[in-house]
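A.B. asks: Here is how the chains run, residue by residue.
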Amino acid sequence: MDNIKSEKILKPAVVFEQPLVLTFTQDVKGFLFRYIGSFLLFLFTFTSVFAVLLIFLFVTLEAFPFLTKFGITDFLTSTAWYPEAKDGAEFGAMAIIVGSIYVTAISLVFSVPVGVLASVFLSDIISFKIRGIVKPIIEILAAIPSVAYGFFAVLILAPWLQKNLGFSSGTNALNSSLLLSIMALPTIISVAEDSISASGRELREASYALGATRFETMFKVVIPAAHSGIIAGIVLGMMRAIGETMVVWMASGNAAQIPNPWWDLSQSIRTMTASIAGEMGETAKGSDHYRALFMIGLLLLVMTLMLNLVSEYFLTRARKSLGKV
Amino acid sequence: MPKRNNNDMVISVVKSIKDKYDTSELEMIDMEKIEQTEPYNSTLPEKSLSIIKADDFSFYYGSKAGVKNISMEIYPFMVTAIIGPSGCGKSTFLRSINRINDLIPNIHVEGKLFVNNQDIYSRQINLVNLRQQVGMVFQKPNPFPKSIFDNVAYGPRLQGIKKRSVLQQTVEESLQSAALWDEVKDDLKKSALALSGGQQQRLCIARALSTRPKVLLMDEPCSALDPIATSKIEDLIETLKNDYTIVIVTHNMQQAARVSEMAAFFCLGELIEYDLTTKIFSNPSNKQTEDYVTGRFG
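Residue numbers (the numbering used here), protein chains in the order written: chain F, 1 to 325; chain D, 1001 to 1298.
The shape of chain F in the complex, shown without the other chains (with noise of 0.2 angstroms):
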């Protein structure tokens, strides 16, 4: 039987001068490499995901303690915030829950239609050469640090508002809600902005083919086919805005009340954010007025993380929708 198969074995007729087989020690380095390797990648990358986990396990756990004596009830929707009271102090924190979601609200209002409508701009108007220069300048606005803004807004808008519009008070919820909405723009102009110019050169040749004007293009074909894109920088915009801290501490005016009449925007507001950052430095490590503010802090970042998600989803969808999986 063997002599019949090394006679079968033919002369090769090509000489292979490196091995095709891995040596001895080839192959335990290669071992080595690839599970080491990966596990250190793995390490880096988890430190980013640990980072979060650590966040919120820290932060619902010094809010914890608020729910087991207080609950939830009179927190959502009581409006009596008295933190420091002597004899019963009461933590009612639906004025600034309403603040953030107002003065939020109203940015979006602004920012929005600026937003998508500066993307159009930018994606299908203007020449490629000059969208070279005008975006990154829009993106500069994302770099500014807020309390920048924050002087912006107290220095030169509150007195201006004040002076021209009459409000009593230049800090109010119109004054950050401005600010708001232009640190929400860069974000909404990008993320849309992307997705409107990946909707493609097809789309809008067979519109323009079939006689649309660039008008007709950009809303009946152009916007409707991004928009997951354009939803999810929406919703990238409004967690940057609901996040924001120094701003809206600076320019709201920081009285918790919810807004009467609702459409009054001279009124000053107070924000979670704001909050927070005003009263952690006067608590008491562990009193209940430092849990109190944990627990905004904790309803905060569930709302941040619901609008994640939302936005995640969008961006998914849009990707899905342009055959880029």
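Only true hints are included.
Here are the computed lysine-lysine pairs in the DSSO-like style, where the Cα-Cα straight-line distance is at most 27 angstroms: (1) K1189(D) x K1162(D); (2) K220(F) x K1189(D); (3) K129(F) x K1064(D); (4) K1190(D) x K320(F); (5) K1146(D) x K320(F); (6) K1163(D) x K1190(D); (7) K1185(D) x K220(F); (8) K220(F) x K1146(D); (9) K1140(D) x K1189(D); (10) K1185(D) x K1241(D); (11) K1112(D) x K1053(D); (12) K220(F) x K1140(D); (13) K1189(D) x K320(F); (14) K1190(D) x K1162(D); (15) K1214(D) x K220(F); (16) K1146(D) x K1162(D); (17) K1068(D) x K1214(D); (18) K1214(D) x K1232(D); (19) K1140(D) x K1214(D); (20) K220(F) x K1163(D); (21) K320(F) x K1140(D); (22) K220(F) x K1190(D); (23) K1162(D) x K220(F); (24) K1287(D) x K1053(D).
Please keep in mind that the hints were generated in silico from the structure rather than gathered at the bench.
Following the hints, put chain D in place on chain F, whose structure we already have.
C.D. replies: Here is chain D on its own, set in the frame of chain F:
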């Protein structure tokens, strides 16, 4: 005229036709002579009947010429194929006919391009009307991410038609002309992106037909499709030419031979030869054309 055999006769007729293209004389073609030429079995229309006419037409991207000095006429109710190697300007020429190339920055044209005796690169052209009457089907199926119905109804809606019954009828007729109606009539509300590639391409044809164009431009409509879908589109082209004038750009020479009556061979931005398809493929008068159609180059 001395008596010749049939083959000589054919060549002389085609030559005389070709001379007429070149010199752009407004002389009538001798129809009797053509009728004698049985192998071609086709009657060339008179010159004045041309629906698209390029007159020394050049198209530039920046300073680079996409096509240069094209002079040809395209006749109604025929399939005219434009063939040639990649980058020879055949798509550029096709896309200038409905001015969809205008979307590209830094372009300019020289010479004239007439559609229905109107120079379409003159300043007063109504682009909306031009594009609604010169429809286009693209290389890659590009349905809108909308329902099948909304895709086909897009064109009529742009024309201001809002009445549901009218839209319904237009959509049905267009889908029927594109041989897609039977496959999708039960789920017009379904997303167009759920269709197969071949169905999507026929949907795009239906969409182009929905504005009732006179001319249908097809830019390699089958290059992204499999052979079965391709043969369906080719059958469709065969029936559509009764009602529409079709100009098709194709890479595939067999396809050009199968579907077209007239064929133009482009090379490096220039029109090398334009003639009856049968002539181009059996007996081209230019050496370059012969090399290309026989597969020696390109």
